[in-house]
Amino acid sequence: MAAASVASQAQAVLRARLCDPGFVHSALRSSPDTNYSKLKYLVASSISEACNNSVLLLGPRGCGKAAVADMVLEDLKKEHSDAISVIRLNGMLHSDDNCATKEIARQLCLEHQLSFSKMASSDDNTEFIIDMLRECGLAHKTILFILEEFDLFAQGKQRLLYSLLDAMQSLTSQAVVIGLSCRLDADQLLEKRVRSRFSHRKLLFVPSSLDDIQRLVEHLLIMAKGSSLPAKYITDYNSRLTNIFSDKKFKGILNSLMDADATTSNILRFLFRAVSYMDMESGFLSMESFLNALSVMQRQPKMDSLQDLSILELYILVCMHRLEDKEQSSYNFTSIMKEYRSIQDAYKTSDKYASTVCFRAFEHLLDRELISFGDIRGRNQALEYRPVKLLISSRELAQSLKLNTTCPAVLQKLFDRERYM
Amino acid sequence: MSQPVTPRRTTRSSAGSASDPASPTPQSKSMPKSTLRRQLIPAAAAAAKDEEEEGENDRSTVDLLLEALPGRRAQASDLLRLLAPAPALPLLLYGGAATGKTRALLLALRHIRPRPHRVAYAALRSLPSPRALFASLLSQLSPPPSSSSASSRQRVNDKPSDFVAALRDALAGLCTQGDAVYLVFDNLEVVKSWDKGTQLIGLILRLHDLLRLPQVVLVYVSSATPDAYYSMTGSIEPNHIYFPDYTVDEVRVILMRGHPNPKLYSSFLSVALKPLFRVTRRVDELGAALEPLFRRYCEPLGDSKVVLDESIKRRLFEHIQPHLAVAMNETFSVPTRASVDQCNDTGGKASTKRQFGNRDSLTELEFHMSVSAKYLLLSAFLASRNPATLDAALFDSTGGSDNHKRKRKSSQASMNMKDTMVEEMLMKGPGTFPLERLLAIFQCITSVSEDSLDDVESSANMMNGSGMTGLMSDVLLQLSTLCNSNFISKSRSCPLEGSARYRSNVDQDLALKVSTL
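So the sequence lines, in the order shown, correspond to chains X and C.
1 is the number of the first residue of the first sequence in the numbering used here; add one for each residue after it.
1 is the number of the first residue of the second sequence in the numbering used here; add one for each residue after it.
Honestly, the hints are just simulated from the structure, not real lab data.
From the three backbone atoms N, C-alpha and C, an ideal C-beta is built for every residue, glycine too.
Keep in mind that a hint or two might mislead.
[Said to hold, decoys possible] Simulated crosslink set (DSS-like; lysine-lysine; CA at most 30 Å straight-line):
no. : chain 1 : residue 1 : chain 2 : residue 2
1   : X       : 157       : C       : 159
2   : C       : 490       : X       : 338
3   : C       : 159       : X       : 389
4   : X       : 389       : X       : 326
5   : X       : 352       : C       : 490
6   : X       : 389       : X       : 402
7   : X       : 338       : C       : 159
[Said to hold, decoys possible] Selected chain C positions facing chain X (in silico; Cβ < 8 Å):
no. : residue
8   : 60
9   : 175
10  : 279
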């Protein structure tokens, strides 16, 4: 069916856009005085003036630091294709110095078409790096080091950072070090000698405001004319979309999203979901798809888990809650069982089960992480005697008991009246 | 009768396998779950174009998927929409145990269009270490050439950086055609318990950013909720799909599938399912508990095929009622030869015996222990539960506690102290005792029992001729047997003396059972 294929084509186009960080942030290229332009100016000037520089990009996760760095690199590569070479390191993988030097040597070899031997020792690698830096400096070629997760490099002895920044101090080298980190105090983590060699340039990335996000959403979802889709479809789609954007409900959706997390990656997730919920027959996005996407993103996992419990497991949770209310500082499975039996004796419900069955229900609760052990597993103690604690609040428990349709009335009474017993 | 056959569990995969289009035949009902999974994976990845589906619209795909996954309409449609054309953001499926996450995912991977080029599945529960995980993934993505066994040993890498580099190379080789490659990480929560687990989890969850390959889609399956994966420095969150537990009706539909005798089974389920559902909601545990009950349910019918009407149903219900009460108090039952014989001969007697099922536990011990082992176990229990200072009072030479030594202090302070002591006992659990104390208590108990037995003059007693030595012999052998069966465990030795200390692991119910000789 033609309509179905148009819809699926459109969906594919939108999804590809949302997963491509280059496209997502490409609007920044045109706007002035953003971090992108500052970074580009910094790096371009150090390339053209043949000097060394270092800069830190700091900001919470998902704000576009890596994307901006990539965009700057792409632009610079187009302008000065011969004059730069890029080395990328990641703090999660290469925080160990030997790994890092090996990786740098490997990437240098790759760039300059040299053969890399895996058996080279770390001293060999370090010598090679220093030689390469000198050579590149003499050839007026700038090496750009991109260090992602910069704060992880700052753990331990910081040998790599020191050697890099130290090598940059010599006259012959031309290098720029760009560090990306989600810790806003990443420069405070540096040692004194490293910090003194570091130019204290920092670019701060903040989560966007509502207007920025609105503009971003329009940029991502509005389709330009001239793509492979039929023109009539594009005009219909765009007009519907602009109607939705001007609707107050949509602004409400964006506001509630931003209340939780205003970073770009959160918005991207939301849009991805909304695009996946596109009505495949007509091929248009509707307010419903956005509303569905929002409701899915705002689930509360613990409340969902509480709805999935069996009656016996609810009994155990209520017993634990009563024990906590009685101000017992620590309790374990045997005390819970004692409370359970006293309840059964007092109320004579039909839910009296053996100790092994209760223990199995207890283990299910541990698996779901609604309760957990209060001590670190130090002593070799049986599970029944280790202290446990509740990981849900009493309000959540109260709400889940109300929502549970099969919950016996006795449980509700026990929960409510425990303060008077 | 003949050897009792341990019945196989009705796993949910075998219960659902009957209506699966490409599933194995119902004869292999007892196929374990992992084999079914392994069959699904190459089927998902196979570019077999012989499965032609005319009119490839979403509706028929969703219907096919729903037939195989009862009660999972929303999740199935979500899966199909979020996975389908690459590129896609990473996906996290979470829900309780036995809710059908892996099964739904693997079936969905078979049904999505366009077909994935390769599916690499990392079953984290069966992998012991990060190195095994890396090796398994890399071998699935780029199978090593058969001739070189030495080079494949070299390629087993331990460090994350090497792994990511090798993964990127392998994936770049596969993605050149433009088809999607899916990486599935199952049971992600077990990584937390590995050595350096938190770093590895961070690495796995950020693979999407590290690899930057648009044709690779990452899917995570976990039974822990997403807030278990939030780390201090944050990470990019994947899209979530939540799998709630099944409701009673859905469980009934699942258990009914493919059953040879639907009417009988449905009448059985209408009786037995709801009470068991109050105890646990997991399908695998319910299936395991319901199977022996169903056999018991069908007993009065014998072999005759009768038409079910109300009177027969009532009769069957009365027959099953006492067994149901017992089954609710058991976690699993291993039928021993004696109980099977008993049930087969004395149908009526067994039912009256089972009437006691509404008490907490049966009064008989289900396995055999020698008398000296029983005494040893009891002395260990006493040694663990009572502090050493009470020994003199309990075990003095008159064979019992002396009445006028007990002080009559029923003031409030002593009552409070007693309460706190009782609570402390509950909290701390069994204490440790040295070997000498155990032997001393054992000697006391057996000497007392010797006297009482001589009074009673029972002749049919195994200790008849041997006297005290009969019980004391091989006591260390008995002790080691009890330790091996985990009734007594060895705890760390006392730092001052260096002698071994033991701890008793039995609870009061078992001790009571043991003590009824």
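Against the structure, the hints come out as follows:
1. X/157 <-> C/159: holds, 20 Å
2. C/490 <-> X/338: holds, 27 Å
3. C/159 <-> X/389: violated, 37 Å
4. X/389 <-> X/326: Roughly 14 Å separates the two Cα atoms, so the pair holds.
5. X/352 <-> C/490: Given that 30 Å is the threshold and the Cα spacing comes to 34 Å, the pair is violated.
6. X/389 <-> X/402: Satisfied, since the Cα-Cα distance of roughly 22 Å is no more than 30 Å.
7. X/338 <-> C/159: violated, 50 Å
8. 60: Violated: closest Cβ of chain X sits about 12 Å from residue 60 of chain C, beyond 8 Å.
9. 175: This interface hint is violated because 14 Å lies over the 8 Å limit.
10. 279: Check passed: Cβ of residue 279 of chain C comes within 5 Å of chain X, closer than 8 Å.
Hints 3, 5, 7, 8, 9 from the earlier list are contradicted by this structure; the remaining hints agree with it.
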